[in-house]
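Asks: Sequence lines, in order, name chains A and B.
According to this note's numbering, the residues represented by the first sequence are 5 to 260, in order.
According to this note's numbering, the residues represented by the second sequence are 5 to 260, in order.
Hint data in this document are derived by calculation from the structure and do not stem from the laboratory.
From a predicted model like this one, the values you see are computed outputs, not experimental measurements.
There could be a bad hint or two in this list.
Any copy, or any two copies together, can satisfy a pair, since identical chains are not distinguished.
To be verified - The list that follows gives simulated cross-link-like pairs (lysine-lysine, DSS-like), each with its CA atoms no further than 25 Å apart:
| # | residue 1 | residue 2 |
| --- | --- | --- |
| 1 | 72 | 55 |
| 2 | 30 | 222 |
| 3 | 17 | 72 |
| 4 | 55 | 119 |
| 5 | 115 | 30 |
There are 2 protein chains.
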Amino acid sequence: MNSQLTIVKVGGKIIEEPDSLNTLLKDFSRIAGYKMLIHGGGRMATELAEKLGVESKMADGRRITDEKTLKIVTMVYAGLVNKEIVVQLQASGVDAVGLTGADMNLIASLKRPVKEIDYGFVGDIKTVNSRVLSDLLSQGFVPVLAPLTHDGNGNLLNTNADSIAAETAAALAYDFNVRLIYCFEKNGVLRNENDEKSVIPTLDRELYQQYKSEGVIKDGMIPKLDNAFRARAAGVQEIVITSAAGLNIGGGTYIR
Amino acid sequence: MNSQLTIVKVGGKIIEEPDSLNTLLKDFSRIAGYKMLIHGGGRMATELAEKLGVESKMADGRRITDEKTLKIVTMVYAGLVNKEIVVQLQASGVDAVGLTGADMNLIASLKRPVKEIDYGFVGDIKTVNSRVLSDLLSQGFVPVLAPLTHDGNGNLLNTNADSIAAETAAALAYDFNVRLIYCFEKNGVLRNENDEKSVIPTLDRELYQQYKSEGVIKDGMIPKLDNAFRARAAGVQEIVITSAAGLNIGGGTYIR
C-alpha cells in the first residue's frame with residue numbers, strides 16, 4: 005500500500021494575516037506522514053504593486069502579468085511569502101524547502117496563448133516532475149511551493165496555486181495515497197454564500213453540475229472545483245475544500 | 005580522490021546588469037563537474053527600499069536590517085535575484101535549485117549581538133548542513149544560495165554572501181576538492197585600486213599582513229580576504245578572487 009501524503013493549499017486572507025498564517029502552520033506541522041504545502045499570495049502582490057505605482061489588472065479573477073508585475077509577484081510569492089512560511093515551519097521542526105516550479109525543474113508550463121485577453125507571463129502547467137518531489141518527500145523534506153513555474157526558456161510564469169495543487173496531487177497519486185486539502189476563507193462550498201453553516205458536505209460531478217446550472221455554485225468556486233474534480237479523476241484519493249480551521253477540526257466539502 | 009566542486013560567489017554590478025549576469029551564467033553553466041553559486045544583491049535592495057520610502061542604513065559596508073529592511077532583502081535576494089538566476093540556469097540545461105539558509109535548514113546562524121551598533125536581523129553563521137548540500141550535488145542539482153540564513157526560531161537573518169561562500173566551501177572541503185571563486189567588479193586584488201592591471205597574482209598570509217600594514221589592501225577587501233583565508237585554512241584547495249570575465253578567461257588573485 006502507498007504511504008499517505010497530505011497536500012495543503014492555502015491562499016487568500018490566511019496568508020495575509022500573520023496570526024492566521026501562524027495558526028495554520030502550527031496545525032500543518034502536526035500533520036503526520038508525508039506532506040507538502042502550496043501557497044498563493046494574491047493581495048500582498050497587489051499591495052506592493054500599489055506602493056510601487058504599478059497598476060494591477062485582473063481578468064476573470066486572474067492577474068494579468070506584464071514584466072513589472074512578474075517581478076513583483078516573484079518578490080512576493082517566491083521571496084516574502086515562501087520564506088516566511090519556510091522559516092516558521094523550520095522553527096516548528098518541519099524540514100521545509102521553499103521552491104518555485106523553476107527550481108529543480110519541478111513544474112514546466114506553457115505561456116498562455118493570447119486570445120481575447122493577453123494574460124502576459126501566465127503559465128498553464130505542462131508537466132510536474134513527480135520523481136523529484138517524491139525523492140524530496142522520501143528524504144524527509146516538506147516542499148513549500150510558490151505559485152510560479154517556468155517555460156524552460158528562461159521565463160518565470162505566474163501560475164494559479166489551485167492548479168499547482170491539483171496537478172502536483174494528480175502527479176503524485178501514482179506514488180502516494182494523496183489527500184488534498186484546499187484551505188480558504190469559507191468553511192467549504194456553501195449552498196448560500198452568506199451562510200457559513202450551509203456547507204455542502206459532499207459533492208460529486210452530478211451534484212456539481214446541478215448546483216452550477218441552478219446558480220448555487222458560481223464565480224471563483226467554479227475554477228477551484230474544476231481543478232478539484234480533475235485531481236479526483238486523476239486518482240487523488242481524498243479532496244476537501246475547507247477553512248484554515250478545518251485543517252485542525254475537520255469539516256468542509258468532500259469531493260467524490 | 006574527492007570529486008572537484010566549484011563554488012562561485014557573485015555580487016555587485018554583475019548581478020544588477022542583465023547582460024553581465026547573463027554572460028556570467030553562461031560561463032558558469034559551462035563549468036564541468038559539481039558546482040554551486042552564491043549571490044549577493046545589495047544595490048537592488050537599496051533601490052527597492054528607496055522606492056518604498058524605507059531608509060537604507062549601512063555600517064562598515066554592512067546593511068543595518070530592521071524589520072522592514074528584512075522584508076525588502078527577502079523579496080530581492082530570495083525572490084527576484086535568486087529566481088532570475090535559477091530560471092536562466094534551467095534554460096541553459098543546469099538543474100539549479102534556489103535556496104536560502106532556512107530551506108532544508110541549510111545554514112543556521114546567530115543574530116549578531118548588539119555592541120556599538122545594532123545590525124538588526126543580521127546573522128553570523130553557526131553551522132552549514134554540508135550533508136544536505138552534498139546530497140543535492142550528488143543528485144545532480146546545482147544549489148543557488150541567496151544571502152539569507154535563519155536562527156531556528158522563526159527569524160530569517162540577512163547574511164553576508166562572501167561569508168556564506170567561505171563557510172559552505174569550508175564545510176564541503178571534507179567531501180570535495182573545492183575550488184572557490186569570488187567574482188567581483190575588479191580583476192583581482194589590486195596593488196593600485198585605480199589600475200586594473202596591478203592584480204596581485206598570489207597572496208599568502210604573510211604578504212597579506214604586509215600589504216594591510218602598508219595600506220595597499222584596505223576597506224572592503226579586508227573582510228573579503230579574511231573570509232578567503234579562513235576558507236583556505238579550513239581545507240579549501242583553491243581560492244581565486246577575480247572579475248566576472250575571470251570565470252571564463254582565468255586570471256585574478258590566488259589565495260595561498
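Asks: Could you figure out if residue 17 and residue 72 sit no more than 25 Å apart (CA to CA) within one copy, between two copies, both or neither?
Replies: both (24 Å within a copy, 21 Å between copies)
Asks: Are the CA atoms of residue 72 and residue 55 at most 25 Å apart within a copy, between copies, both, or neither?
Replies: This pair counts as both: shortest intra-copy Cα distance 13 Å, inter-copy 14 Å.
Asks: Given identical chains, is residue 30 near residue 222, meaning Cα to Cα at most 25 Å, within a copy, between copies, both, or neither?
Replies: Classified as neither; 32 Å inside a copy, 48 Å across copies.
Asks: Quick one: residue 55 to residue 119, C-alpha cut-off 25 Å, is that within a copy, between copies, both, or neither?
Replies: neither (31 Å within a copy, 35 Å between copies)
Asks: Pop the pair residue 115 and residue 30 into one bin, within, between, both or neither, using alpha-carbon distances up to 25 Å.
Replies: For residue 115 and residue 30, the Cα distance is within 25 Å only across copies (24 Å; inside one copy 36 Å).
The earlier numbered hints that this structure contradicts are 2, 4.
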